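If you read the sequences in order, they're chains A and B. The opening residue of the first sequence carries number 1 in UniProt numbering; numbering runs sequentially from there. The opening residue of the second sequence carries number 1 in UniProt numbering; numbering runs sequentially from there.
Calculated from the structure, these hints are not laboratory results. All figures in this text were calculated on a predicted structure; none of them were measured in a lab. Hints are not guaranteed to be accurate.
Here are the simulated DSS-like pairs of lysine-lysine, each with C-alpha atoms no more than 27 Å apart in a straight line [stated by the list, open to error]:
#	chain 1	residue 1	chain 2	residue 2
1	A	Lys142	A	Lys117
2	B	Lys67	A	Lys117
3	A	Lys95	A	Lys76
4	B	Lys120	B	Lys92
5	B	Lys105	A	Lys95
6	A	Lys117	B	Lys121
7	B	Lys128	B	Lys105
8	B	Lys92	A	Lys117
9	B	Lys92	B	Lys73
10	B	Lys121	B	Lys67
11	B	Lys120	B	Lys67
12	B	Lys129	B	Lys73
13	A	Lys95	B	Lys73
14	A	Lys95	A	Lys61
15	B	Lys105	B	Lys67
Listing some non-contacts, in silico: residues in chain B with all C-beta distances to chain A over 10 Å [to be verified]:
#	residue
16	Val12
17	Ser53
18	Glu65
Think of the CB as a built atom: it goes at the ideal place given N, C-alpha and C, for glycine as much as any other residue.
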Amino acid sequence: MNSSSGKGSMSTASSSAAWKAGDAVPEQFPAGLRVLVVDDDQTCLMILEKMLRTCLYEVTKCNRAEIALSMLRENKNGFDIVISDVHMPDMDGFKLLEHIGLEMDLPVIMMSADDGKHVVMKGVTHGACDYLIKPVRMEALKNIWQHVVRKWKDEWKDFEQSGSVEEGDRQQKQSEDADYSSSANEGNWKSSKKRKDDEDEAEERDDTSTLKKPRVVWSVELHQQFVAAVNQLGIDKAVPKKILELMNVPGLTRENVASHLQKYRLYLKRLSGVSQHQSNPNNSFISPEEAAFGPLSSLNGLDLQTLAATGQLPAQSLATLQAAGLGRSTAKSSIPMPLVDQRNIFSFENPKLRFGEGQQQHMNNNKQINLFHGIPTTMEPKQLASLHHTAQSIGNINMQVTSHGAQSFQNNSLLMPMAQPQSRGQVLNNSTVGHAPTLPSSMGQPILSNGVAVNVSPRNGIPENIRAPGYNPVSQTSSILNFPMNTASELPGNSFTLGSTPGISGLTSKGAFQEDVNSEMKGLGEFLSSYDTFNDLNQHKPQNWEIQYVGMTYDASQHSNSLQDNLDLMQSVLVQQGFSSGQVNGQNRSAAVVRKAMFSAGDSTEHVNAQNVNQHLNSLVENTIRVKSERVADASAANLFPNHFGQEDLMSALLKQQEGILPAENEFDFDGYSMDDIQE
Amino acid sequence: MERNPMRRQLAVMRQSLFDQGYLDEQFVQLEELQDDANPNFVEEVVTLYYRDSARLILNVEQALERKPFDFNKLDGYMHQFKGSSSSIGAKKVKAESTLFREYCKSGNGEGCMRTFQQLKKEYATLRKKLEAYFQLARQAGPMETACHPK
């Protein structure tokens, strides 16, 4: 529907488009809803088909998952919702779920005769929007349209917000690429933000607002108020509660402020770090990513620009980023965030895309993400590469995050292009206060974006951008990345610095990172798979994400080897949060990887992240996470978000760096990595 | 109450299937799906069920002949079977398959074999009864969907 942005407003073809345009559900809705039913049991298939037809839905039945997937791929806008059985001979239902989530971002309902709690939980964590127990009754099917509407609303919202603003921003960004002074970025960021804000307000819809928690759009004015409050309190003393009080903005929650604050801190840190690392490879590292984020930046409002401004992002990166943001599947952009759960990454991007690109970008992102698609769940060498990529991206994202704080959203996009692990790493370290070590966190953030969207920048409250459902998964992934990084023991600071490449790249350089990467890759792969589910979840819990993620990241640091633990942590955290635990599961693996990556990648940031993470983790999970410092929480949150994206990028970046080192090794070897390093 | 004696007979037969626990509420769901466009929907579904599940029964038979038992595999088959059976409302068959799965989970081979024999019996009995029912239904001529308190 967005002719202006060129993005398909609704992935759900005409019906959704019509729906969106009209701002009201069509009269005959939900009649005509296009449902794809997948079940190897012919009897059930026949019954379901008849039931759905009776509900006046348009039914297509399929008894093979592979066929269903190809049907969906051929006709991405041909279906509104998918119902799939869990146990199928040719492909596991959850796998199909992940694929769909990553590639098409359609709501998926799982069903099974199995009503065991763990299976249902798996559905939730993998991102299924509902779980039906067989035998399915008509009543249960009558209301499946709600899941479609929900997704539409989310998309619409994202689209609305990011739509026109994006475009304008994008152009601006590009011109501003070279001009990365913070003020310039600020301006861009502000303007884009402002635009988005206006859009948001203009498009305010009752239904959406009532259904969803409204995302806080950090407009220029709002941010100015925020900055004023922070300055008044003193950056060190500025706590969300006080800032909130000073700002005195109705409807603004402490959480919004907290996440925004985190982003802001990251941003500041990055600025200061950037100046130190001007000549760092990081810069170059960042650049591509940032470049790629360019367009994305517009999405986020500033990240790219800021990053670019800080010199962290070479123009090239920026271009890449922008391209990525725009939906062009730049090589970089297509960061294989497989680990993270492609879907998530995608989601992460989507939100961003929404900003400017709308559906198209989303699609593009998908493409990029899809790259990984083939990777999910199994770490293969390819994945490893993806990891790198992811790592890189994560790095990018992280960078992004730091620079903008509020850009969590952008970060994701940034992460993608991370082609230069090194620069990334550094940048990550420097800038991403939150990013760093927490590559995973970034990853995690993206994840949040899915459901959380809002949380994308968990800390920063950037979430708004992140809205994309897929986002959440991303976050998750990032967390995973972070974890691995941490586990590398040196984590945050160390791992990264090992290789001298901060951030993810750092990891790779470390060599240890390699392992991490490997593991991360693996984890990411798995993560990615779980990511899909996550995406679905994203819709729901942005806030939780943050915390969860943090927990996860922290975990990673805790156990160098216990990726699993971390993952578990993540899971638990996520689960606690209400996130799709399913994703967590899948992510666990990737999380572990991510963690490693994250940790190794971000030396300084890692610390920060680790700390943040630690804090959260501790609070969230009763893990033995060490809470290193107070601030970490914020940082990690920020990182978390971008990580999602960045992780993949980071990973890839890292991987690239490690070239030759990583190769097909999927073994993650956290041994020897002590979390101690993470501590500042 | 059906005025047509055949229909009355049909209704009685149907009710006894429910009363004796052969069928459950899910069967009613199928009946509700039957309409003018698909006047023999229920029969078609049941026919499809028996055709499909025959394969599963055979798989289980063969698996039970290989010692030691592969409980995972057995459980997998039974899971599928249970899903199918429950979707047509085959109550007793479903109960037996649930029991079979319990034995699989606890690794009780004897229990599995015993239960499977019982399951096959119920499966065959239901088939006969439904076949008779559908035959009568066809003879009774087109009738409205069974009325039952909602």
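Against the structure, the hints:
In summary, the hint linking Lys142 of chain A to Lys117 of chain A is supported, as the alpha carbons are separated by about 24 Å, within the 27 Å threshold. For the suggested pair Lys67 of chain B and Lys117 of chain A, the alpha carbons sit about 32 Å apart, so the restraint of at most 27 Å is broken. A distance of roughly 18 Å separates the Cα atoms of Lys95 of chain A and Lys76 of chain A; the hinted pair therefore holds under the 27 Å criterion. Distance restraint check for Lys120 of chain B and Lys92 of chain B: the Cα-Cα separation of roughly 11 Å lies within the 27 Å cut-off, and the hinted pair is therefore satisfied.
Distance hint between Lys105 of chain B and Lys95 of chain A is fulfilled; the C-alpha atoms sit about 24 Å from each other, no more than 27 Å. At roughly 31 Å between alpha-carbon atoms, Lys117 of chain A and Lys121 of chain B are farther apart than 27 Å, so this suggested pair is violated. The straight-line distance between the Cα atoms of Lys128 of chain B and Lys105 of chain B is roughly 31 Å, outside the 27 Å bound, and the hint therefore fails. The hinted pair formed by Lys92 of chain B and Lys117 of chain A meets the criterion: a straight-line CA distance of about 24 Å does not exceed 27 Å.
Restraint check: the Cα-Cα separation between Lys92 of chain B and Lys73 of chain B comes to about 22 Å, which is no more than 27 Å; the hinted pair holds. Among the hinted pairs, Lys121 of chain B with Lys67 of chain B is consistent with the structure: their alpha-carbon atoms are about 23 Å apart, no more than 27 Å. A hinted pair counts as satisfied when its Cα atoms are at most 27 Å apart, and Lys120 of chain B with Lys67 of chain B qualifies at roughly 20 Å. Straight-line distance between C-alpha atoms of Lys129 of chain B and Lys73 of chain B comes to about 30 Å, which puts the hinted pair past the 27 Å bound.
Taking the CA atoms of Lys95 of chain A and Lys73 of chain B, the gap is about 20 Å. The hint holds against a cut of 27 Å. Of the pairs offered as hints, the one joining Lys95 of chain A and Lys61 of chain A holds, with about 18 Å between alpha carbons and a cut-off of 27 Å not exceeded. For a cut-off of 27 Å, the pair hint linking Lys105 of chain B to Lys67 of chain B stands: about 16 Å separates their Cα positions. No Cβ of chain A approaches the Cβ of Val12 of chain B within 10 Å, the least distance being about 25 Å, so the stated non-interface status holds.
Listed as outside the interface, Ser53 of chain B is inconsistent with that label: its C-beta sits roughly 8 Å from the nearest C-beta of chain A, within the 10 Å cut-off. Every beta carbon of chain A lies more than 10 Å from that of Glu65 of chain B, the smallest distance being close to 21 Å; the non-interface claim holds.
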